[in-house]
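Peer 1: Residues per chain, in single letters:
Number of protein chains: 4
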Amino acid sequence: MASKAREPAHPLERLIFFSDAVFAIAITLLVIEIQVPHLPRGAPDIQQVAALANLLPSFVGFFISFWVIGAFWTGHHRAFSLARHYAPGLIVPNLAILCAVAFMPFATAYMSENFGERVPHALYNGVLLATALLNLRLVRKVTDTPYVDEAASAEDVAVTRARGWGVIGGAALAVLMSLVAPLWSQFALITIPLWMTLAIRRAKARLS
Amino acid sequence: MASKAREPAHPLERLIFFSDAVFAIAITLLVIEIQVPHLPRGAPDIQQVAALANLLPSFVGFFISFWVIGAFWTGHHRAFSLARHYAPGLIVPNLAILCAVAFMPFATAYMSENFGERVPHALYNGVLLATALLNLRLVRKVTDTPYVDEAASAEDVAVTRARGWGVIGGAALAVLMSLVAPLWSQFALITIPLWMTLAIRRAKARLS
Amino acid sequence: MASKAREPAHPLERLIFFSDAVFAIAITLLVIEIQVPHLPRGAPDIQQVAALANLLPSFVGFFISFWVIGAFWTGHHRAFSLARHYAPGLIVPNLAILCAVAFMPFATAYMSENFGERVPHALYNGVLLATALLNLRLVRKVTDTPYVDEAASAEDVAVTRARGWGVIGGAALAVLMSLVAPLWSQFALITIPLWMTLAIRRAKARLS
Amino acid sequence: MASKAREPAHPLERLIFFSDAVFAIAITLLVIEIQVPHLPRGAPDIQQVAALANLLPSFVGFFISFWVIGAFWTGHHRAFSLARHYAPGLIVPNLAILCAVAFMPFATAYMSENFGERVPHALYNGVLLATALLNLRLVRKVTDTPYVDEAASAEDVAVTRARGWGVIGGAALAVLMSLVAPLWSQFALITIPLWMTLAIRRAKARLS
Numbered sequence: 001m002a003s004k005a006r007e008p009a010h011p012l013e014r015l016i017f018f019s020d021a022v023f024a025i026a027i028t029l030l031v032i033e034i035q036v037p038h039l040p041r042g043a044p045d046i047q048q049v050a051a052l053a054n055l056l057p058s059f060v061g062f063f064i065s066f067w068v069i070g071a072f073w074t075g076h077h078r079a080f081s082l083a084r085h086y087a088p089g090l091i092v093p094n095l096a097i098l099c100a101v102a103f104m105p106f107a108t109a110y111m112s113e114n115f116g117e118r119v120p121h122a123l124y125n126g127v128l129l130a131t132a133l134l135n136l137r138l139v140r141k142v143t144d145t146p147y148v149d150e151a152a153s154a155e156d157v158a159v160t161r162a163r164g165w166g167v168i169g170g171a172a173l174a175v176l177m178s179l180v181a182p183l184w185s186q187f188a189l190i191t192i193p194l195w196m197t198l199a200i201r202r203a204k205a206r207l208s
Numbered sequence: 001m002a003s004k005a006r007e008p009a010h011p012l013e014r015l016i017f018f019s020d021a022v023f024a025i026a027i028t029l030l031v032i033e034i035q036v037p038h039l040p041r042g043a044p045d046i047q048q049v050a051a052l053a054n055l056l057p058s059f060v061g062f063f064i065s066f067w068v069i070g071a072f073w074t075g076h077h078r079a080f081s082l083a084r085h086y087a088p089g090l091i092v093p094n095l096a097i098l099c100a101v102a103f104m105p106f107a108t109a110y111m112s113e114n115f116g117e118r119v120p121h122a123l124y125n126g127v128l129l130a131t132a133l134l135n136l137r138l139v140r141k142v143t144d145t146p147y148v149d150e151a152a153s154a155e156d157v158a159v160t161r162a163r164g165w166g167v168i169g170g171a172a173l174a175v176l177m178s179l180v181a182p183l184w185s186q187f188a189l190i191t192i193p194l195w196m197t198l199a200i201r202r203a204k205a206r207l208s
Numbered sequence: 001m002a003s004k005a006r007e008p009a010h011p012l013e014r015l016i017f018f019s020d021a022v023f024a025i026a027i028t029l030l031v032i033e034i035q036v037p038h039l040p041r042g043a044p045d046i047q048q049v050a051a052l053a054n055l056l057p058s059f060v061g062f063f064i065s066f067w068v069i070g071a072f073w074t075g076h077h078r079a080f081s082l083a084r085h086y087a088p089g090l091i092v093p094n095l096a097i098l099c100a101v102a103f104m105p106f107a108t109a110y111m112s113e114n115f116g117e118r119v120p121h122a123l124y125n126g127v128l129l130a131t132a133l134l135n136l137r138l139v140r141k142v143t144d145t146p147y148v149d150e151a152a153s154a155e156d157v158a159v160t161r162a163r164g165w166g167v168i169g170g171a172a173l174a175v176l177m178s179l180v181a182p183l184w185s186q187f188a189l190i191t192i193p194l195w196m197t198l199a200i201r202r203a204k205a206r207l208s
Numbered sequence: 001m002a003s004k005a006r007e008p009a010h011p012l013e014r015l016i017f018f019s020d021a022v023f024a025i026a027i028t029l030l031v032i033e034i035q036v037p038h039l040p041r042g043a044p045d046i047q048q049v050a051a052l053a054n055l056l057p058s059f060v061g062f063f064i065s066f067w068v069i070g071a072f073w074t075g076h077h078r079a080f081s082l083a084r085h086y087a088p089g090l091i092v093p094n095l096a097i098l099c100a101v102a103f104m105p106f107a108t109a110y111m112s113e114n115f116g117e118r119v120p121h122a123l124y125n126g127v128l129l130a131t132a133l134l135n136l137r138l139v140r141k142v143t144d145t146p147y148v149d150e151a152a153s154a155e156d157v158a159v160t161r162a163r164g165w166g167v168i169g170g171a172a173l174a175v176l177m178s179l180v181a182p183l184w185s186q187f188a189l190i191t192i193p194l195w196m197t198l199a200i201r202r203a204k205a206r207l208s
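Residue numbers (my numbering), protein chains in the order written: chain A, 1 to 208; chain B, 1 to 208; chain C, 1 to 208; chain D, 1 to 208.
Treat the hints loosely; a few may be bogus.
What the hints assert, rightly or not - Here are the computed distance ranges between Cβ atoms for each label pair:
#1 D:PRO88 with C:LEU176: 26 to 36 Å
#2 B:LEU198 with A:GLU150: 49 to 59 Å
#3 B:LEU179 with D:PRO44: 39 to 49 Å
#4 A:ARG140 with B:SER208: 51 to 61 Å
#5 A:ARG140 with B:ALA154: 40 to 50 Å
#6 C:THR197 with B:PRO44: 15 to 25 Å
#7 D:GLY116 with C:ARG201: 49 to 59 Å
#8 D:PRO44 with B:PRO44: 17 to 27 Å
#9 C:PRO88 with B:LEU198: 11 to 21 Å
#10 B:ALA50 with C:ARG202: 36 to 46 Å
#11 D:GLN47 with C:GLN47: 28 to 38 Å
#12 C:ALA53 with B:PRO44: 53 to 63 Å
#13 A:LEU183 with B:THR197: 47 to 57 Å
#14 C:ALA43 with D:LEU52: 17 to 27 Å
As the list claims (entries may be wrong) - Covered stretches of chain B (in silico footprint by chain C; criterion: 3 or more residues with CB under 8 Å from a CB of chain C, positions within the stretch not fixed):
#15 31-42
#16 45-51
#17 57-70
#18 158-169
#19 192-204
Hints in this document: simulated from the structure, not taken from any laboratory. All figures in this text were calculated on a predicted structure; none of them were measured in a lab. For every residue, glycine included, the Cβ atom is placed at its ideal position computed from N, Cα and C.
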């Protein structure tokens, strides 16, 4: 056996790898929670279309959560691409955000199957806000000593941290809206790029 | 802790890794949607065989989707083996095709449980066509500047892009056929290698 | 962004990676198919134990399939550790064995829920035999030109190929036994190490 | 195709990779076992809250198991970061702990759905204890010849091995408590850091 091949992976790589796997599984499990319609043989097309239309909340939930988890993965990817050193102190804050991400398929399915109700939307948006806060904590930690790559530019660090405010802003607005207009609260997530842009602009202004 | 080991992975590698995990999970989750028959103890063999025969559409759906997702993974693998540089612009088109792939277990189960009906076959083939189009967009992007490896041969790039037309041709034909002959529309996918060969031939002719 | 980091992964590595993910998912999904008993609150301990005892076939199925898939993963790991070159010809035979492995959770659940019946045991052992044959084909291919590492010893190659006969022998015996004594056919798998040892001995004798 | 890129991965890396994937899948599948409440449209908020409150045992089970599997992953990560050589002898003890980890989603769901009953809590804590013992065996093996990195410090090895006693202590106490006070036995897991600290202190005392 080739036991003298190149040296084993950087411990940081394994942490990243494990996190990627959890993100990938959570994002792919979302679809499992959508119940597959089974109609009697020969049911007219219009009934099939109606069965799919009934699932619209589930499709919307799948779509929103796919892109939200995708956004968290993107942030994780950006932040860790600026890191270069490993220390055990990363493990707990990293597991914390993964725990929140792993819970997303439940929150999504609960919202989808009770679409338009106050509690499910509030729970979903609350989980999103909690994930975003855990994400910001991790991003800040990993782009700071002792983890950060000494060669990382101050601007890259500042922008990466600022991006974390995007989902926080959108999710906080969504939580508030879900108390008064549950169904429409999900649209608040459209504002995520807005908060992100504002935060990045402020971060850049501070740097110069 | 060995914090001075070799440098962390290339950001492109992490994107590839995450994508591989999503492909692998989607391809393995297909089987979960097949309902396991549970017969009373001592049921005659013929009833067991009949229960399996009833599941034939599910087995067909599993098999088709396994190889279709496998084909998309192969295309992704080929295209990214020609890339060498990373930029954040890859993330959204890559998540877009993963979103379509993650939806495949639902489309497969819906078609399998309503085999022979127009709407389920049309939906399945439509999802396939959408995935193929998103795939072609990604393959073109990643084999172009700034991502492509400068050492990649023009022919490899042309052939890799041409291959993307295979599923597009087969799925487009299947969508049309599913409107008139749902059950037989799945056979249209057999033409995928044909369109692929034609597209590769044309691409090579253009090069010389 | 660090776009000048070390070069992206070897294409062989990505194929291995994707395969590992499919093996890992299939091996972990096995448990999902076991139905969780839910007894009325305050049910006596003896009823809880009885509910678990009823699941014994499912536990046995989980355990057998976990180690069988583990054995296939081990064979894959061994064979690919002798490979060093990549060519697209590996993709189809590799996807073929992954397709069979991805089907194992269904075959396992079907056998577990109809324990002792002829058809489910025959199907399970048949799937196992098919997987073992696809595995042998892949192992032979990857330990041959153009894939094999030129530095790999002839003995390592011969032994790795010979190991593939272990599951083939055990599964073939189990298929035959499941026709006459379904329940006991699973014990035939205990003979796997025997066939493996015999095949390795013969391979070594041929070499010297 | 770039068949002359850097050499394929170290066989140790592939073993680690496969293990990471199993840990990641088991930790993310936990949520799938939680049944999503589906209430009639327009049900009052208080009923939604009550439905969530009924799921409290499931949330508790998810949370405990997430962090317990996370702790096993952390231990695996630490131990293997001290290893540098590969030999086939690692495969069986590594698969053994993965088998126990893959079983955790079942044990968790069974405990959650029968919360407060003796048998489910005893089973859960028993599985935990078995996993912890298999973990200690693996950690000891991988931090010993021929696997251990010759450059690993004696203290790192001693501390990493000592940490393995944490879950063993907590789980053993929980098994005993589940026989007399099932519901409260889960709190015994809070003592895990205590046993870990004691074991590390003793290990360091022995070294000096």
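Peer 1: Determine for every hint whether it applies to the structure shown.
Peer 2: Here is what the structure says about each hint:
1. A hinted range of 26 to 36 Å for the beta carbons of PRO88 (chain D) and LEU176 (chain C) is consistent with their spacing of about 31 Å.
2. In this structure the supplied range 49 to 59 Å holds for LEU198 (chain B) paired with GLU150 (chain A), their Cβ-Cβ distance being about 53 Å.
3. The hinted range of 39 to 49 Å is satisfied by LEU179 (chain B) and PRO44 (chain D), whose Cβ atoms lie roughly 45 Å apart.
4. A hinted range of 51 to 61 Å for the beta carbons of ARG140 (chain A) and SER208 (chain B) is consistent with their spacing of about 55 Å.
5. As the Cβ distance of ARG140 (chain A) to ALA154 (chain B) is approximately 45 Å, the hint placing it in 40 to 50 Å holds.
6. Here the CB-CB span from THR197 (chain C) to PRO44 (chain B) is close to 40 Å, at odds with the stated 15 to 25 Å.
7. Checked against the hint of 49 to 59 Å, the pair GLY116 (chain D) and ARG201 (chain C) passes, with Cβ atoms roughly 56 Å apart.
8. In this structure, PRO44 (chain D) and PRO44 (chain B) break the distance hint of 17 to 27 Å, their C-beta atoms being roughly 52 Å apart.
9. A beta carbon spacing of about 19 Å between PRO88 (chain C) and LEU198 (chain B) agrees with the range 11 to 21 Å that was offered as a hint.
10. Distance hint check for ALA50 (chain B) and ARG202 (chain C): the Cβ-Cβ separation is about 43 Å, which falls inside the suggested range of 36 to 46 Å.
11. As the Cβ distance of GLN47 (chain D) to GLN47 (chain C) is approximately 30 Å, the hint placing it in 28 to 38 Å holds.
12. The beta-carbon spacing between ALA53 (chain C) and PRO44 (chain B), approximately 26 Å, falls outside the hinted interval of 53 to 63 Å.
13. Restraint check, LEU183 (chain A) to THR197 (chain B): a C-beta distance of roughly 50 Å satisfies the suggested window 47 to 57 Å.
14. For the pair ALA43 (chain C) and LEU52 (chain D), the supplied restraint of 17 to 27 Å holds, since their beta-carbon distance comes to about 25 Å.
15. Remark: the stretch 31-42 of chain B is confirmed as covered by chain C, as 9 of its residues place a Cβ nearer than 8 Å to a Cβ of that chain, reaching the required three.
16. Counting residues of the stretch 45-51 of chain B whose C-beta lies closer than 8 Å to any C-beta of chain C gives 3; at least three are required, and the coverage claim holds.
17. Beta-carbon proximity to chain C at under 8 Å applies to 5 residues in the stretch 57-70 of chain B; the threshold of 3 is reached and the given coverage holds.
18. For the stretch 158-169 of chain B, the assignment as covered by chain C is violated, since 0 residues bring a beta-carbon within under 8 Å of that chain's beta-carbons and 3 are needed.
19. With 0 residues having a beta carbon nearer than 8 Å to a beta carbon of chain C, the stretch 192-204 of chain B misses the requirement of three or more and the stated coverage is violated.
Violation of the numbered hints given earlier is confined to hints 6, 8, 12, 18 and 19; the remaining hints are satisfied by the structure.
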